[in-house]
Each structure stands twice: as structure tokens, then as C-alpha cells.
Amino acid sequence: MPEAKPRTLELSEDAKGRLTELRALSEKVEAGDKEARKELRRLLRVSSPEVIAEASGIARRAEWMLVKTISAGKPLMEEALQERMDQMRSEISGENPTPLEVLLTERVVAGWLLVEVLEGLIAAQYQRDVKAHRVAPTYVIQQSRILESATRRYLAAIRELARVRKLEAGAPVQVNTQVNVLRG
Amino acid sequence: MTLERRNGRLYYYRSVRDGEKVRKVYVGAEEFARIFAEGDILRRTDRKAQRERNKAELERLEAMAASVEELSEAAEVLVRAHLVNAGYHRHKGEYRRARGEAKNA
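Same order as they appear, the protein sequences are chains Y and F. Quick note: the first sequence uses the working numbering, first residue 610, plus one each step. Quick note: the second sequence uses the working numbering, first residue 1391, plus one each step.
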């Protein structure tokens, strides 16, 4: 029986639309449009908590898929991974994280797990008995390509979180903005 | 790869690529022809199944990676919007606060 094609976890059309609007408004503000700044502030206040919640939900579901893959049906392994990820989350997010920091933390944790899964799978190809199953080089190349892009994104996620923290530390008003977002 | 019957006898040939041409190479006759032909069919089926398994595995990995990518893109847009709203702008990939920018931006 053919396996069902895996589905990508996606944001809702509504969330995608809001992100597109936020992106366009950010560009306008950066170009000096004062009216756009007001609109950006309004849209952030209205939509940021929803989009953050939805994106965090996606992160959790993606992590769950990755944990299932890496633990290969071993409950102990699954448990250990969940525990490790919870530890990572609390270590990375620290005390009283802003909603944006929570989202960025989820991104770092999901990125780390994806890199772990891919590295594990690629390592398994090299450890496998060559006579048992010869894996096509194109397959390994494609796997490596996915790993390379996942590693790049993972490192970018760490940088982004560090940057947000640094800027927040230098500008307390940024924290206030985040608190407003939290309260909707 | 063909099993051919000539004058009541069974012959088995494999197709071998030689540059741009494909040559037929004699493998065996009668009982040997059957054994080699069946062996080749089994190997071919096995390779096809392996290719399909690899394809399904890659699709699964790409779907997992795409979910993390979706999250990354959303986070990037939100971070930029928050920073721009707080009075920062990007300069050569770095965010800087604009001179004279109101702090309650």
C-alpha cells in the first residue's frame, strides 16, 4: 500500500496574509513612510499575538514529527528527547521571555532538532553495510542539501535571537512593546 | 533484457550500454537463461523499491524541513516588524536605531 504523502505544516491563510502585510509595512516604514509606521504599530498590536501563537503551534507540531522520526518508536528515546527539548527551551528563553523570544526559542529548538535528525540519517547511510543496500549518491546528495539549508537556518535563528536580546537590552522601550503585544 | 526462443531453445540476453549504443550481450541458454532472467528481475524490482523508499523518505524530510522553514520565515517577518516599529532600521544586515528616533516609536 503506498504511503500517504507527507504534508507540510503550514500557517493559515489569514496568518500568511498578516505576515505579508507586516512585511510590506516594515519596508514602507524603513523607507521613511510615517503613516505606515502608525499602521504597522496597529497591525502588530492586533495580529502579533495570533501569528506568534500559530507559528509556535506549528513549531511544536514540527518538533513532534521530528521526535517521532529520531526516536523510531522507542518510548524511552522519545521521552528523553522531549525532556532535552524542554531543558533547551527553558535555558534559551530564560526568565520572563517576551512572546517574540518564545517564538524565536521555538525556532532555535526546532532547528536544532531538524539538524540532529538529518545528521543522524546521513551518518546512518555511511555506517550501513554497503552490501546490504547501496544508497544512490543522488539520494545522499539531496539529504546533504536539506541538511545544509537546515544548518544555515538554525545558525540564523540563534543569531536572530541574540540580536533581538541585544537590542532589547539597549532599548527598554522594545520590552514595553513586547509586553503590550502579550496583553493583546 | 530479453528471453528469446529460437528453434525451440531459450536464450537470455542483457542490454548493455556502450557509449550511445545499446548492445545485446549473450548471458546463457535454457535453464541458465531462466535463472539469470529471474535474478535480473528480482534485482530490478529491488532497486525500484529502494528508489521509491528513498523518494518517500526525501519527501518526508523535505516536509519536516519546510515546516521549520515556515516557522523561520514567520519569525523573521515578526522580528523585523517589531524592530522597525521600535525605531530600528537595517544597515548592511545590522539593525540600528535611527538618529533622533523617538524612543516610543
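There's no promise every hint is true.
Claimed, not checked - Taking lysine-lysine and the DSSO-like style, the derived pairs with C-alpha atoms no more than 30 Å apart in a straight line are:
id	chain 1	residue 1	chain 2	residue 2
1	Y	K643	F	K1482
2	F	K1482	Y	K625
3	Y	K625	Y	K647
What the hints assert, rightly or not - Facing chain F, a subset of chain Y residues (Cβ under 10 Å, in silico):
id	residue
4	E619
5	R632
6	I661
7	I667
8	M694
9	G703
10	E704
11	A778
If you're looking for bench data, these hints aren't it; they were derived computationally from the structure. C-beta: ideal position from N, C-alpha, C; glycine also.
Hint numbers not upheld by this structure, sorted from lowest to highest: Those not satisfied are hints 8, 9, 10 and 11.
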